[in-house]
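2 protein chains.
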Amino acid sequence: MQLSDPTLKRLTAIYRVLSRLICFEPDIVSLSSTKLGEYIGYPAHTVRKDISYLGEVGNSGKGYGVRELHDFIAQKLGLDTARRAAVVGLGRIGSAILDYGRFSQAGFDVVAGFDSDINLVDSMVSSVPVYPSYDIPEIVQRHAIELAFLAVPAGAAEKSVARLVAGGIKGVVNFSPLIMKHDTIIIRNMDITGELTLLSALITVKHL
Amino acid sequence: MQLSDPTLKRLTAIYRVLSRLICFEPDIVSLSSTKLGEYIGYPAHTVRKDISYLGEVGNSGKGYGVRELHDFIAQKLGLDTARRAAVVGLGRIGSAILDYGRFSQAGFDVVAGFDSDINLVDSMVSSVPVYPSYDIPEIVQRHAIELAFLAVPAGAAEKSVARLVAGGIKGVVNFSPLIMKHDTIIIRNMDITGELTLLSALITVKHL
Numbered sequence: 001m002q003l004s005d006p007t008l009k010r011l012t013a014i015y016r017v018l019s020r021l022i023c024f025e026p027d028i029v030s031l032s033s034t035k036l037g038e039y040i041g042y043p044a045h046t047v048r049k050d051i052s053y054l055g056e057v058g059n060s061g062k063g064y065g066v067r068e069l070h071d072f073i074a075q076k077l078g079l080d081t082a083r084r085a086a087v088v089g090l091g092r093i094g095s096a097i098l099d100y101g102r103f104s105q106a107g108f109d110v111v112a113g114f115d116s117d118i119n120l121v122d123s124m125v126s127s128v129p130v131y132p133s134y135d136i137p138e139i140v141q142r143h144a145i146e147l148a149f150l151a152v153p154a155g156a157a158e159k160s161v162a163r164l165v166a167g168g169i170k171g172v173v174n175f176s177p178l179i180m181k182h183d184t185i186i187i188r189n190m191d192i193t194g195e196l197t198l199l200s201a202l203i204t205v206k207h208l
Numbered sequence: 001m002q003l004s005d006p007t008l009k010r011l012t013a014i015y016r017v018l019s020r021l022i023c024f025e026p027d028i029v030s031l032s033s034t035k036l037g038e039y040i041g042y043p044a045h046t047v048r049k050d051i052s053y054l055g056e057v058g059n060s061g062k063g064y065g066v067r068e069l070h071d072f073i074a075q076k077l078g079l080d081t082a083r084r085a086a087v088v089g090l091g092r093i094g095s096a097i098l099d100y101g102r103f104s105q106a107g108f109d110v111v112a113g114f115d116s117d118i119n120l121v122d123s124m125v126s127s128v129p130v131y132p133s134y135d136i137p138e139i140v141q142r143h144a145i146e147l148a149f150l151a152v153p154a155g156a157a158e159k160s161v162a163r164l165v166a167g168g169i170k171g172v173v174n175f176s177p178l179i180m181k182h183d184t185i186i187i188r189n190m191d192i193t194g195e196l197t198l199l200s201a202l203i204t205v206k207h208l
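From first to last, the protein sequence lines are chains U and L. Taken in order, the first sequence gives residues 1 to 208; the numbers are from UniProt numbering. Taken in order, the second sequence gives residues 1 to 208; the numbers are from UniProt numbering.
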C-alpha cells in the first residue's frame with residue numbers, strides 16, 4: 001500500500017476524531033465525509049479519496065459508520081497493535097507527558113522516563129520507572145520500546161536521538177526546539193509556539 | 001487575500017522552520033523549495049505554489065533567502081504583530097505551558113493563567129499572574145488577550161471556551177480531549193496521543 005505522508009496524516013486525524021467521538025459522543029454513530037472534513041480541516045472529496053485508498057468500506061446515505069470506519073482504518077494502518085513508548089527529558093513538559101495517563105486508552109504504554117540529571121532521576125516520584133539517560137540504549141532494547149517523546153533542550157537533542165536509535169527506537173515525537181530529520185527512524189517535529197503562530201495567521205487572514 | 005486553511009498551515013510551518021533555522025542554524029542563509037518541503041513534509045511544487053499566493057519574493061538559483069522569506073511571510077500573514085495569550089487549566093500540561101518561556105521570542109506574551117481550583121490559584125508559584133476561572137472574561141478583556149491555551153478536562157472545556165469568548169478571545173489551542181468547533185473564534189484541536197498514532201501508522205506503512 002503506497003500512501004503519501006499528507007494522506008496518512010489525514011487518515012490518522014480521521015481515526016483520532018472517530019476515537020474521540022466513540023469516547024465522548026457515543027450518540028453519534030455515523031458521519032458524512034463533509035462533517036469528517038470539517039473536523040480535520042479538509043474538503044469532503046479529499047476525505048473520501050483518502051479513505052478509498054485503503055479499500056472498500058461501507059458508506060450509506062447517512063455517511064460512514066463511526067465504529068466501522070474506526071476499526072477499518074485501525075486494521076489497515078496497524079493501529080490495533082499495542083506499542084511501548086518512553087519519555088526522554090523530564091523537565092516541565094516531559095514529566096507532564098510521562099504522567100499524562102491517557103495514552104493507554106489508545107493502546108500505548110509509556111514504560112520508561114529518562115533524564116541526564118541523576119539527582120532528578122533519584123528523587124522523582126512517578127508511576128513510571130525513570131532512568132539516567134546513559135541507560136537509554138539498554139532499556140529501550142530490553143523493553144522493546146518503539147516510540148519516544150523527546151523533551152530535552154536543543155543542545156541535548158541529537159545525542160538523545162542517537163541513544164534512542166542505538167536501542168532500536170522506530171519513531172520520535174520531538175518537542176525540543178531543534179528541527180531534526182533522520183535516515184532510518186521517523187521524527188515528528190512538534191512546535192507549540194507554532195500553534196500560536198498559526199492562530200495569529202488565521203486571525204489576520206480571517207480579519208477576526 | 002484568499003488562502004485555504006491547508007495553504008495557511010503550510011506557510012506557517014515554513015515560517016516556523018525559517019524562525020528556528022535563524023535561531024539554531026544561522027549558517028544556513030538560503031534554502032531550496034525541495035529542502036523546505038522536506039522540513040514540512042510536502043513536495044517542492046506545493047511549497048513554491050503556497051509561497052506564490054503571497055506575491056513575489058526573491059528566489060535565486062540557490063533558493064529562497066532564509067531571512068528574506070521569513071520576513072516576507074511574517075509581513076503578509078501579520079506574524080510581526082505581538083499578541084497576548086493566556087493558559088486555562090493549570091494541571092501538569094497547563095502549568096508546563098504557563099512557564100514554557102519560549103513564546104516571547106516569537107512575539108507572544110503569556111500574561112495570565114486560570115484555574116477553577118481556588119486553592120491551587122492561591123498557592124501557585126509562577127512568574128505569570130494566575131486567577132480563578134470565573135475571572136476569565138474580565139481579565140481577558142482588560143488585558144486584550146487574543147489567544148488561549150486550553151488544558152482542562154473534557155467536562156470543563158465548553159464552559160471555559162464560553163468564558164474566553166465572553167472576554168473577546170480570538171483563538172484557542174485546545175489540549176483538552178474534547179474536539180471543539182466554534183462559530184466566531186478559531187479553535188485548534190491538539191492531540192498528543194494522535195502523534196503516537198501517526199508514528200504507529202508511519203511505522204506500519206514504511207515497514208520499520
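Keep in mind that the hints are not guaranteed to be accurate.
Identical copies go unnamed one by one, so any copy, or any two together, can satisfy a pair.
Mimicking DMTMM-like on lysine to aspartate or glutamate, the simulated pairs with C-alpha atoms at most 20 angstroms apart in a straight line are [said to hold, decoys possible]:
#1 K9 / D71
#2 K49 / E138
#3 K49 / D5
#4 K181 / D99
#5 K9 / D191
#6 K62 / E195
#7 K170 / D117
#8 K206 / D99
#9 K49 / D183
#10 K159 / D5
#11 K170 / E25
#12 K9 / D80
#13 K35 / E138
None of these hints come from the bench; they were simulated from the model.
Hints, one by one, checked against the model:
For the homomeric pair K9 and D71, the shortest alpha-carbon distance inside one copy (17 angstroms) is at most 20 angstroms, but the shortest distance between copies (29 angstroms) is not. Taking identical chains as interchangeable, the C-alpha atoms of K49 and E138 are never at most 20 angstroms apart, the minima being 43 angstroms within one chain and 46 angstroms between chains. Within a single copy, K49 and D5 get their C-alpha atoms as close as 14 angstroms, and across copies as close as 18 angstroms, so both meet the 20 angstroms cut-off. Taking the shortest alpha-carbon separations for K181 and D99, neither the intra-copy value of 27 angstroms nor the inter-copy value of 28 angstroms comes in at or below 20 angstroms.
Taking the closest pair of Cα atoms, K9 and D191 come within 20 angstroms of each other both inside a single copy (16 angstroms) and across two copies (13 angstroms). For a Cα distance limit of 20 angstroms, the shortest separation of K62 from E195 qualifies neither inside one copy, at 34 angstroms, nor across copies, at 30 angstroms. Proximity of K170 and D117 under a CA criterion of 20 angstroms is satisfied in neither setting, with 25 angstroms inside one chain copy and 40 angstroms between copies. For the homomeric pair K206 and D99, neither the shortest alpha-carbon distance inside one copy (37 angstroms) nor that between copies (30 angstroms) is at most 20 angstroms.
When the C-alpha separation of K49 and D183 is checked against a cutoff of 20 angstroms, the pair qualifies neither within a copy, at 30 angstroms, nor between copies, at 27 angstroms. Taking identical chains as interchangeable, the C-alpha atoms of K159 and D5 are never at most 20 angstroms apart, the minima being 27 angstroms within one chain and 36 angstroms between chains. Taking the shortest Cα distances, K170 and E25 never come within 20 angstroms of each other, neither inside one copy (33 angstroms) nor across copies (26 angstroms). Proximity of K9 to D80 under the C-alpha cut-off of 20 angstroms is restricted to the intra-copy arrangement: shortest distance 17 angstroms within a copy versus 29 angstroms between copies.
In this homomeric assembly, K35 and E138 never come within 20 angstroms of each other (Cα to Cα): the closest approach is 46 angstroms inside a single copy and 34 angstroms across copies.
Of the numbered hints stated above, those contradicted by the structure are hints 2, 4, 6, 7, 8, 9, 10, 11 and 13, listed in ascending order.
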